[in-house]
Amino acid sequence: MVFPFSAVVGQDEMINALVIAAIEPRLSGVLIFGDRGTGKSTAVRALAALLPDMAAVSGCTYACDPDDATSLCENCRERQLGGNLPVHRVAVPVVDLPLGATEDRVIGALNLERALADGTKVFEPGLLARAHRGFLYIDEVNLLEDHIVDVLLDVAASGENVVEREGMSLRHPARFVLIGSGNPEEGELRPQLLDRFGLCVEVRTPTDIATRIEVVRRRDEYDRDPVRFSAKWQAADAALRELILQARARLSGIAVSDNVLEQAAKLCIALGTDGLRGELTLVRAARAWAAFQGAAVVSMEHLRAMTSPALRHRLRRDPLDDSLASTRVERVVAEVFAA
Amino acid sequence: MSPFDPAWAANPAPEGGEFSDAVWAAALLAIDPIGLGGMTIRAWSGPARENYLQNYRSLLRVKSAFRKMPLHISDQQMLGGLDLTATLATGRPVMTSGLLDDCDGGVLLLAMAERINPGTAARLAAAMDRHAVISEQNSTTMVNPARFAVVALDEGLEPDEAPPACLLERLAFTVAQSGLSGDAVWPDAAVVAQARENLVVVTSSNEALGQLCSLAAALGIGSLRAPLFALRAARAAAALQGRDSVAACDIALATRLILAPRATQLPSAPADEMPAEQPEESPESLTPRDEQPEAVEDSISDAQKSLLPPELLAALAVGAGPKRASRGAGNTGDSASLRRGRPAGTKSGGLGGGARLSLIETLRAAAPWQKLRRTAAPGRKLQIRANDFRIQKFKEQTKSVAIFAVDASGSAAVNRLAEAKGAVQLLLADCYVRRDLVALLAFRGRTAECLLPPTSALARAKRSLACLPGGGPTPLAIGLDAARGMAEAERRKGHQPLLVLLTDGGANIGRDGKPGRAAAAQDALAAARLCRMARLQCLVIDTAPRPQPFVANLAAEMAARYVPLPYADPSHLSRIVQSQGDFRASSAA
Numbered sequence: 266m267v268f269p270f271s272a273v274v275g276q277d278e279m280i281n282a283l284v285i286a287a288i289e290p291r292l293s294g295v296l297i298f299g300d301r302g303t304g305k306s307t308a309v310r311a312l313a314a315l316l317p318d319m320a321a322v323s324g325c326t327y328a329c330d331p332d333d334a335t336s337l338c339e340n341c342r343e344r345q346l347g348g349n350l351p352v353h354r355v356a357v358p359v360v361d362l363p364l365g366a367t368e369d370r371v372i373g374a375l376n377l378e379r380a381l382a383d384g385t386k387v388f389e390p391g392l393l394a395r396a397h398r399g400f401l402y403i404d405e406v407n408l409l410e411d412h413i414v415d416v417l418l419d420v421a422a423s424g425e426n427v428v429e430r431e432g433m434s435l436r437h438p439a440r441f442v443l444i445g446s447g448n449p450e451e452g453e454l455r456p457q458l459l460d461r462f463g464l465c466v467e468v469r470t471p472t473d474i475a476t477r478i479e480v481v482r483r484r485d486e487y488d489r490d491p492v493r494f495s496a497k498w499q500a501a502d503a504a505l506r507e508l509i510l511q512a513r514a515r516l517s518g519i520a521v522s523d524n525v526l527e528q529a530a531k532l533c534i535a536l537g538t539d540g541l542r543g544e545l546t547l548v549r550a551a552r553a554w555a556a557f558q559g560a561a562v563v564s565m566e567h568l569r570a571m572t573s574p575a576l577r578h579r580l581r582r583d584p585l586d587d588s589l590a591s592t593r594v595e596r597v598v599a600e601v602f603a604a
Numbered sequence: 057m058s059p060f061d062p063a064w065a066a067n068p069a070p071e072g073g074e075f076s077d078a079v080w081a082a083a084l085l086a087i088d089p090i091g092l093g094g095m096t097i098r099a100w101s102g103p104a105r106e107n108y109l110q111n112y113r114s115l116l117r118v119k120s121a122f123r124k125m126p127l128h129i130s131d132q133q134m135l136g137g138l139d140l141t142a143t144l145a146t147g148r149p150v151m152t153s154g155l156l157d158d159c160d161g162g163v164l165l166l167a168m169a170e171r172i173n174p175g176t177a178a179r180l181a182a183a184m185d186r187h188a189v190i191s192e193q194n195s196t197t198m199v200n201p202a203r204f205a206v207v208a209l210d211e212g213l214e215p216d217e218a219p220p221a222c223l224l225e226r227l228a229f230t231v232a233q234s235g236l237s238g239d240a241v242w243p244d245a246a247v248v249a250q251a252r253e254n255l256v257v258v259t260s261s262n263e264a265l266g267q268l269c270s271l272a273a274a275l276g277i278g279s280l281r282a283p284l285f286a287l288r289a290a291r292a293a294a295a296l297q298g299r300d301s302v303a304a305c306d307i308a309l310a311t312r313l314i315l316a317p318r319a320t321q322l323p324s325a326p327a328d329e330m331p332a333e334q335p336e337e338s339p340e341s342l343t344p345r346d347e348q349p350e351a352v353e354d355s356i357s358d359a360q361k362s363l364l365p366p367e368l369l370a371a372l373a374v375g376a377g378p379k380r381a382s383r384g385a386g387n388t389g390d391s392a393s394l395r396r397g398r399p400a401g402t403k404s405g406g407l408g409g410g411a412r413l414s415l416i417e418t419l420r421a422a423a424p425w426q427k428l429r430r431t432a433a434p435g436r437k438l439q440i441r442a443n444d445f446r447i448q449k450f451k452e453q454t455k456s457v458a459i460f461a462v463d464a465s466g467s468a469a470v471n472r473l474a475e476a477k478g479a480v481q482l483l484l485a486d487c488y489v490r491r492d493l494v495a496l497l498a499f500r501g502r503t504a505e506c507l508l509p510p511t512s513a514l515a516r517a518k519r520s521l522a523c524l525p526g527g528g529p530t531p532l533a534i535g536l537d538a539a540r541g542m543a544e545a546e547r548r549k550g551h552q553p554l555l556v557l558l559t560d561g562g563a564n565i566g567r568d569g570k571p572g573r574a575a576a577a578q579d580a581l582a583a584a585r586l587c588r589m590a591r592l593q594c595l596v597i598d599t600a601p602r603p604q605p606f607v608a609n610l611a612a613e614m615a616a617r618y619v620p621l622p623y624a625d626p627s628h629l630s631r632i633v634q635s636q637g638d639f640r641a642s643s644a645a
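The listed protein sequences correspond, in order, to chains A and B.
Note that this note's numbering has the first sequence beginning at 266, numbered continuously upward.
Note that this note's numbering has the second sequence beginning at 57, numbered continuously upward.
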């Protein structure tokens with residue numbers, strides 16, 4: 266039983282970013298930075314319950330997507346040669362990567378039981394395999410140990426987990442949306458890891474008293490009777506789930522005009538973001554946002570709304586400057602859109 | 057507990073008010089342990105604390121767990137996991153429970169909580185959030201219920217010696233040494249048990265909720281956990297007093313116990329102007345930003361860029377390498393760890409202490425003996441003995457901590473304090489590249505002040521630096537002693553400290569805080585010798601306009617590298633002055 270997603274008060278930027286990540290998985294992730302006690306973890310864990318089921322190959326360890334022949338694992342590919350793959354519906358995985366997780370648990374390792382019982386080498390999939398086609402959530406991502414970060418960087422970029430350990434040699438698909446949360450006061454994130462997150466949002470503790478009261482009231486209500494509280498929000502969650510499904514269906518048909526592309530390029534140049542990933546992410550996020558809003562084309566407003574979350578963590582930065590240069594982005598946005 | 061004395065604190069105690077605040081905290085926590093999370097007891101070990109804990113324990117449910125978590129607990133011990141010895145003996149995976157799930161329904165005592173490492177604290181916090189332990193170790197995932205209250209025993213001396221913020225945030229109460237008097241009146245355990253039963257029916261009005269939220273906001277408390285804790289504490293207090301709804305006196309009590317200690321501002325500020333500052337950020341809000349404009353600092357950095365030798369810290373650390381190795385430093389430097397870092401081969405040895413079995417190597421070691429063992433003891437297919445165990449070794453790189461001790465005295469302020477700041481900024485950027493931790497100490501007047509405890513968040517370092525005021529005499533010896541103290545504390549944590557002293561050398565306050573140039577100089581030299589005896593890596597940057605032999609002598613006594621900070625090109629400086637009209641004012645501030 267988790268806190269319902271729709272019942273999270275305020276924090277619109279974070280909620281929207283999570284919804285966009287659910288609509289467009291290719292954005293590859295959301296980083297949530299901010300104060301303590303602002304509902305970061307609550308929102309991410311609530312997302313799991315909100316997401317609609319997906320089709321997966323029955324009997325596949327990695328829950329391969331039957332509609333995407335390119336991402337099938339080796340086993341499914343072989344089975345496909347023998348005819349159609351059986352399909353069933355599964356919940357979208359939201360996998361927690363706790364700070365203490367060992368490398369073998371993340372990557373996968375030799376199945377100990379089988380190795381001891383009959384001396385056979387069988388691969389026991391790790392967290393990366395479990396997170397395939399879903400979400401991988403890391404709370405306090407800035408405290409994650411370096412060797413685990415190295416693993417994540419590689420897999421998040423390639424969409425594939427290559428295992429070469431304990432005499433095993435295999436690879437399997439591992440495409441997931443990375444969700445990280447943390448408090449920037451407690452440590453920096455490596456720029457390479459920052460780059461893996463498509464969107465970056467900042468959460469602040471709400472200053473409006475009425476909002477604050479509502480947050481505490483709902484949390485308290487939930488803690489006292491989780492079942493009743495969840496039932497109360499079931500309809501709202503279902504409506505949001507329907508909106509996400511519609512947006513996903515609409516996504517590929519949404520046009521992006523040259524004007525919008527040009528504006529995106531101007532924004533990236535003005536902000537001096539490295540590489541083309543910034544532009545790509547910005548346009549994808551704007552398209553997903555347009556889809557969620559029910560629009561047929563991406564407007565300048567959609568682009569503008571996504572500029573901060575898509576670019577604020579990509580500025581080439583002065584290491585001593587505040588880690589998330591929102592004000593700089595906002596200034597440039599105002600200039601570029603005014604021109 | 058708080059610097060102000062608002063009306064509610066002076067209110068007469070509510071019914072049953074013979075209890076002290078510390079007793080209230082223990083009683084309320086015993087009534088709603090999960091909802092309130094726990095408490096921090098900031099006091100030294102001793103009979104008073106023991107007595108308090110005993111009394112608290114007597115209020116708990118009979119037979120509930122009351123377990124102590126040692127400081128350096130391994131993940132396996134804490135979260136549970138695979139019991140390798142039993143697994144090998146039986147030939148199938150055997151799981152052990154961890155300390156956290158053993159504590160389910162009880163209390164977890166955190167010994168020396170101020171020294172707990174952030175990773176352990178984060179894991180503990182995650183378990184508290186979920187009321188369960190999820191352990192992902194050694195190819196096994198386990199989810200076990202873990203609903204417990206945490207009692208953090210904090211023996212910290214300095215304000216920055218405290219349990220990690222993520223933990224404090226989740227504990228409702230703080231009890232200080234002064235609250236642990238032995239003759240306090242405690243509630244009857246039966247009454248507390250009754251209150252625990254009644255808690256579910258206690259209601260609170262919307263006004264009560266609104267009041268607590270507004271108060272929290274007026275006190276500048278950002279986190280919304282605080283008003284939530286206050287609401288629960290008020291309900292627990294009502295339950296303890298046999299009421300079924302929250303009354304004004306419960307609100308007052310909750311405010312005093314939970315909100316007041318977290319306050320970051322006076323409640324007199326109108327609520328609608330409340331800035332959403334976190335406690336850490338409050339120093340920034342106290343210092344007007346325009347005193348130290350960013351642009352000036354940036355140009356100073358530029359001015360200094362060409363003047364400081366490149367990669368000063370890196371060179372120093374490299375130079376320190378062989379010296380360190382020759383004296384065989386115990387727990388500093390690159391250390392072979394059994395738990396973290398890059399894999400670096402295997403060795404034979406026993407399990408435990410978080411050591412990870414290298415299964416393949418173990419099986420390989422056992423393989424040649426199988427035939428022999430099967431004839432000696434027929435039965436099991438695979439026979440593994442303790443001496444077959446192979447342990448995975450890891451190489452862990454220890455973090456360096458650069459401790460900047462900055463002379464912020466009047467003479468230094470006149471002699472380019474702003475430039476010294478610029479120099480520190482450059483070195484900070486260097487630290488960022490090397491992923492080091494940084495800490496900042498400033499000394500002036502009669503004290504040394506820790507502006508920034510070791511952190512890797514350089515944005516904070518920059519802010520602390522910008523807020524650094526100048527003026528007053530120069531307590532060089534006191535500054536050095538403080539820096540050495542911090543460096544030694546960091547070394548005890550397994551970090552590699554690096555002391556960077558920035559001074560113009562004009563020591564005129566001795567160790568005892570008394571003025572006197574000669575005595576002050578002697579004391580400073582003595583303090584420098586102590587740094588050398590502590591075998592600290594040191595760097596002395598002379599910020600005087602015309603370097604005097606004294607600072608060089610000081611550096612020699614410290615066995616430090618001595619770097620006079622050369623004068624910036626005057627034409628360059630004057631250009632900065634011209635472009636930034638308020639430079640002179642800010643550097644003299």
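Just so you know, these hints were derived from the structure itself, not from any lab.
Some clues are possibly wrong.
[Unchecked claim] Not the full set, but computed from the structure, chain B residues with beta-carbon under 10 Å of chain A:
1. 190
2. 201
3. 269
4. 287
5. 549
6. 550
No experiment lies behind these values; they were computed from the predicted model shown.
Heads up, the beta-carbon is just placed ideally off N, CA and C, and yes, glycines get one too.
Here is what the structure says about each hint:
1. Among the interface hints, the one on residue 190 (chain B) holds; its C-beta lies about 6 Å from the nearest C-beta in chain A, closer than the 10 Å criterion.
2. Because the beta carbon of residue 201 (chain B) sits about 13 Å from the nearest beta carbon in chain A, more than 10 Å, this interface hint is broken.
3. With its C-beta approaching chain A no nearer than about 4 Å, residue 269 (chain B) sits inside the 10 Å limit, and its interface hint holds.
4. Contact between residue 287 (chain B) and chain A, as hinted, is supported at the beta carbon level, the nearest pair being about 6 Å apart and thus within 10 Å.
5. For residue 549 (chain B), the interface hint is violated, since its Cβ never comes within 10 Å of a Cβ in chain A; the closest pair sits about 15 Å apart.
6. Because the smallest distance between the Cβ of residue 550 (chain B) and any Cβ of chain A comes to about 15 Å, over 10 Å, the interface hint for this residue is violated.
Checked against the numbered hints listed earlier, the structure breaks hints 2, 5 and 6; every other hint is satisfied.
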